[in-house]
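Chemist: Okay, here's what each chain looks like letter by letter:
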Amino acid sequence: MEVKIIEKDNVLTAVLNGRLDTAVSPEVSAALQPLVDQADKTLVLDCKELSYISSSGLRIFLTVRKAAAAKGGKVIVKDINSEIRQVFMMTGFLNLFEIQES
Amino acid sequence: MRSIKNNHNLVAALQGAAVVLTAVGLLFLTSMLQYSRMREMVTRSSYRRAQDNIDRVEQDFVRVVELVESAVRNNIWSARALVPVPDSLWSITRGVVLDNPIVYGSAIALVENYNPSKSGRLFAPYAYRDGDTIRSAQLGTEEYNYLEHEWFKGALEAGDAGYWSEPYYDEGGGNRLMITYSVPVRDHTGKLAAVITADVAMNWVSDRLASVDDYPGALKMLISQSGNIMATSPPYESMYRKSILDLSRDMDKASAFDAVNQDILAGKEGSRRVHIQGEDYYIFYDRMNKTGWSMSISIPEDEIFSEIRHLNRRMLGLELLGLMLLLVILLYTIFNQRKLLAVQEKKGRIESELHVASGIQESMLPKTFPPFPSRHDVDIYATLVSAKEVGGDLYDFFIRDERLYFCIGDVSGKGVPASLVMSVTRSLFRTVAGHEKSPVRIVANMNQNLVEMNINDMFVTFFCGVLDLASGHLRYCNAGHNAPVILSADASVVLPVVPNLPLGVMPSMSFTEQETDLACGSGIFLYTDGLNEAEDQSNNQFGTERMMHELDHSLSANQQIERLEGAVRSFVGTAPQSDDLTMLYIRYLNDSPMEKKERHLILHNDIQQIPQLADFVETVGQLAGLSSSLTLSLNLALEEAVTNVILYAYPEGSDGLVDIEAIIHKDHLKFIISDSGKAFDPTAAPEVDITLDVEDRPIGGLGIFLVRNIMDSVQYERVDGKNILTMSKNLQ
Numbered sequence: 090m091e092v093k094i095i096e097k098d099n100v101l102t103a104v105l106n107g108r109l110d111t112a113v114s115p116e117v118s119a120a121l122q123p124l125v126d127q128a129d130k131t132l133v134l135d136c137k138e139l140s141y142i143s144s145s146g147l148r149i150f151l152t153v154r155k156a157a158a159a160k161g162g163k164v165i166v167k168d169i170n171s172e173i174r175q176v177f178m179m180t181g182f183l184n185l186f187e188i189q190e191s
Numbered sequence: 033m034r035s036i037k038n039n040h041n042l043v044a045a046l047q048g049a050a051v052v053l054t055a056v057g058l059l060f061l062t063s064m065l066q067y068s069r070m071r072e073m074v075t076r077s078s079y080r081r082a083q084d085n086i087d088r089v090e091q092d093f094v095r096v097v098e099l100v101e102s103a104v105r106n107n108i109w110s111a112r113a114l115v116p117v118p119d120s121l122w123s124i125t126r127g128v129v130l131d132n133p134i135v136y137g138s139a140i141a142l143v144e145n146y147n148p149s150k151s152g153r154l155f156a157p158y159a160y161r162d163g164d165t166i167r168s169a170q171l172g173t174e175e176y177n178y179l180e181h182e183w184f185k186g187a188l189e190a191g192d193a194g195y196w197s198e199p200y201y202d203e204g205g206g207n208r209l210m211i212t213y214s215v216p217v218r219d220h221t222g223k224l225a226a227v228i229t230a231d232v233a234m235n236w237v238s239d240r241l242a243s244v245d246d247y248p249g250a251l252k253m254l255i256s257q258s259g260n261i262m263a264t265s266p267p268y269e270s271m272y273r274k275s276i277l278d279l280s281r282d283m284d285k286a287s288a289f290d291a292v293n294q295d296i297l298a299g300k301e302g303s304r305r306v307h308i309q310g311e312d313y314y315i316f317y318d319r320m321n322k323t324g325w326s327m328s329i330s331i332p333e334d335e336i337f338s339e340i341r342h343l344n345r346r347m348l349g350l351e352l353l354g355l356m357l358l359l360v361i362l363l364y365t366i367f368n369q370r371k372l373l374a375v376q377e378k379k380g381r382i383e384s385e386l387h388v389a390s391g392i393q394e395s396m397l398p399k400t401f402p403p404f405p406s407r408h409d410v411d412i413y414a415t416l417v418s419a420k421e422v423g424g425d426l427y428d429f430f431i432r433d434e435r436l437y438f439c440i441g442d443v444s445g446k447g448v449p450a451s452l453v454m455s456v457t458r459s460l461f462r463t464v465a466g467h468e469k470s471p472v473r474i475v476a477n478m479n480q481n482l483v484e485m486n487i488n489d490m491f492v493t494f495f496c497g498v499l500d501l502a503s504g505h506l507r508y509c510n511a512g513h514n515a516p517v518i519l520s521a522d523a524s525v526v527l528p529v530v531p532n533l534p535l536g537v538m539p540s541m542s543f544t545e546q547e548t549d550l551a552c553g554s555g556i557f558l559y560t561d562g563l564n565e566a567e568d569q570s571n572n573q574f575g576t577e578r579m580m581h582e583l584d585h586s587l588s589a590n591q592q593i594e595r596l597e598g599a600v601r602s603f604v605g606t607a608p609q610s611d612d613l614t615m616l617y618i619r620y621l622n623d624s625p626m627e628k629k630e631r632h633l634i635l636h637n638d639i640q641q642i643p644q645l646a647d648f649v650e651t652v653g654q655l656a657g658l659s660s661s662l663t664l665s666l667n668l669a670l671e672e673a674v675t676n677v678i679l680y681a682y683p684e685g686s687d688g689l690v691d692i693e694a695i696i697h698k699d700h701l702k703f704i705i706s707d708s709g710k711a712f713d714p715t716a717a718p719e720v721d722i723t724l725d726v727e728d729r730p731i732g733g734l735g736i737f738l739v740r741n742i743m744d745s746v747q748y749e750r751v752d753g754k755n756i757l758t759m760s761k762n763l764q
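Taken in order, these protein sequences are the chains called B and D. So the first sequence is residues 90 to 191, counted in our numbering. So the second sequence is residues 33 to 764, counted in our numbering.
Hint data in this document are derived by calculation from the structure and do not stem from the laboratory. Yeah, the Cβ is synthetic: ideal placement off N, Cα and C, and Gly gets one too. Treat each hint with caution, since some may be false.
[Unchecked claim] Okay, derived cross-link-like pairs now, SDA-like style, lysine to any residue, Cα gap no bigger than 25 Å in a straight line: (1) B:Lys155 - D:Val726; (2) B:Lys160 - D:Ile722; (3) B:Lys130 - D:Val726; (4) B:Lys137 - D:Ser661; (5) B:Lys155 - D:Val720; (6) B:Lys155 - D:Glu719; (7) B:Lys137 - D:Val726.
[What the hints assert, rightly or not] From chain D, some residues computed to sit far from chain B (all C-beta separations above 10 Å): (8) Glu101; (9) Ala113; (10) Val117; (11) Pro148; (12) Lys446.
One chain only, chain B, in its complex shape (with noise of 0.2 Å):
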């Protein structure tokens, strides 16, 4: 799982890529950290090479998307897959996020 943080325009964007499962969450978390920090802004979370996301990764971005609601900021959720898509729909997170498909 590779995480990387892009900042441009005052747009802060992350590029996942890989299986976001538990294993994994301790880290993801880590390192989405900017974002929770800068919730003011506009976050782009990339999951165009994000293959896989298990309720750890949905906590995460979850949390994220509080920290944007309680700052202002916005959050929205590139390129996701259709297995990630049905996860979304099961979850309700379609209501809860910004879904962009470039």
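Put chain D on the given structure of chain B with help from the hints.
Modeler: Coordinates of chain D only, in the frame set by chain B:
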């Protein structure tokens, strides 16, 4: 038992005593025989010795007699010539004494009134020794009428041959005890004129007798022809001139002694045993030629036999000592034998106990074949041959819920300690496999138990398998044991095994479970190193190559093992079996296995093991022919359920296992997740409201929500201290 033993001892002791008593009896008998023989010999030798002595004395006497006789005879002619001149006879008598040291005195006694004018009625010039000088005396006085004396009368009677007198005490002549040789002298007219004599002092005879070398207590006696005692040694002068018949008259009328005296008087020789005054004597006697005297030697019997008595006593003493020694050795042997018997008895008891133990051990293992006569899907045969009475090898198998649980093991070491650990191991297997389905959990549980028992540096190599009889799916876990061999129509191949450590070595050891599928007609052959390491007399090992060569999948389990047994037997020959030999062969014969596939995974309670779960689900998905999308969903559900166990079932920092079993049916998929942690029912978690706003949405609780949503059914059970979560997904 005790009294029988004591009887044995008593009998042995009595036998011993009888032997010794017989030996003592024989010893006394031989000793007596020997003694009487020796007495005979000694008597004979004493007789010979006495005869020798008598002969030697005789020779001396003869020499003296001849000397004296010739001294007298040599002067007869001078005496005849000088008889007419009586005074000239003095010189002759002096000459006889002077020339013959043996002669004490010499006389020439004229017959009565031979020359009255010159020498009166009696005239007898006499010369005799007095120390170194020679004195003379005239014997013919009225007080000493020699005419009446024996030496004079005897000579006249005897004539020219001369006469030896009996010993006499001559008071008028030599004034001492003496004997006299006398010969008549005739003058030139032929008329009897005188008697010429020579005296021999008897002290000389006594001295000669004393010098006879014989027993110190011997009485030597010289007896005249008429039976008078002439001399004795030691000297008893009171006896001199007495007749020997007087001796026997003085003493008790001992007929034997009388017989001796009669013999002596008769001039016979011989020897007799005589009883005189409470003592026994041997008397040897012989007449001496020439003189006509007899000599006797009386020896106290005690003295003759004292030496042999002494010798005999000493021999008897030595022999008795030897017998005592024999007795001591005998008793010692009996005592030792008793100890030996006790040791043997003890050994026998141990052996019989070992025999019983061996029986118990054997009865622990299934040994009725075929074990499941009504089943046609499995063919099993096994043997276990212990090198000693009790062994450390084990095998076991049983069927539970259509699964065959089996194991083989080898306890390090041999004998009783190994057999005890073997029994424990076998019991553990029965107990643990009675409720555990997974081989690795069975092995881990057994390992933990054995480690906690602290089995004294011993360990158990172990292989455990669980064969699903419906599908032929085999799950197994190896703990340091020889890898079994899979026999199939294609080939015999060694089953790939992760070696792992044996049981009882290390606590919390992570064992690995593996699995494979057995086709119909194939089998799994398990053995202990007693097979491949069986040695012939030159210490060559049977080896796995020979073993593989003897394996043939077409044989029945029984035939296969008998063939191997035969091969080992003929290889080993007469070499003693050095190790326990165990073989277990299981053939899977179900020709219509159910369309059911199984996969298993065992994880530790470590979150980092989650990727293994993903691989596992991937495999199951492929086996079941699922879409990747469905596989991912199932992956998610399993991850959530397993994460739950990993994070919450076991106390933090402790090691625990999560068992995941996937069963693929045609129309549905089943996952069974079990753990031995604290009781927790995830299905009891409250529902999640997915309609809430961001601010109100709780962070957690999504995991079990996802499981419920992905799976078609989720059930929780608490069985035997285990949490069992069964989830299934319909495939149609």
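Chemist: A separate judgement is required for each hint: does it hold in the structure or not?
Modeler: Status of the hints after comparison with the structure:
1. Taking the CA atoms of lysine 155 of chain B and valine 726 of chain D, the gap is near 6 Å; set against the 25 Å cutoff, the hint holds.
2. Among the hinted pairs, lysine 160 of chain B with isoleucine 722 of chain D is consistent with the structure: their alpha-carbon atoms are about 23 Å apart, no more than 25 Å.
3. With a CA separation close to 17 Å, the supplied pair lysine 130 of chain B and valine 726 of chain D stays within the 25 Å bound.
4. The straight-line distance between the Cα atoms of lysine 137 of chain B and serine 661 of chain D is roughly 16 Å, inside the 25 Å bound, and the hint therefore holds.
5. With a C-alpha separation of about 17 Å, the suggested pairing of lysine 155 of chain B with valine 720 of chain D holds against the 25 Å cut-off.
6. With a C-alpha separation of about 21 Å, the suggested pairing of lysine 155 of chain B with glutamate 719 of chain D holds against the 25 Å cut-off.
7. For the suggested pair lysine 137 of chain B and valine 726 of chain D, the alpha carbons sit about 24 Å apart, so the restraint of at most 25 Å is met.
8. No beta-carbon of chain B is positioned within 10 Å of the beta-carbon of glutamate 101 of chain D; the least distance is around 156 Å.
9. The claim that alanine 113 of chain D lies off the interface holds: its Cβ sits roughly 175 Å from the closest Cβ of chain B, which is beyond the 10 Å cut-off.
10. Every CB of chain B lies more than 10 Å from the CB of valine 117 of chain D, the least distance being 179 Å, so the non-interface label holds.
11. The Cβ of proline 148 of chain D lies farther than 10 Å from every Cβ of chain B, with a closest approach of about 184 Å, so its non-interface assignment holds.
12. Residue placement check: lysine 446 of chain D keeps its beta carbon more than 10 Å from all beta carbons of chain B (closest about 48 Å).
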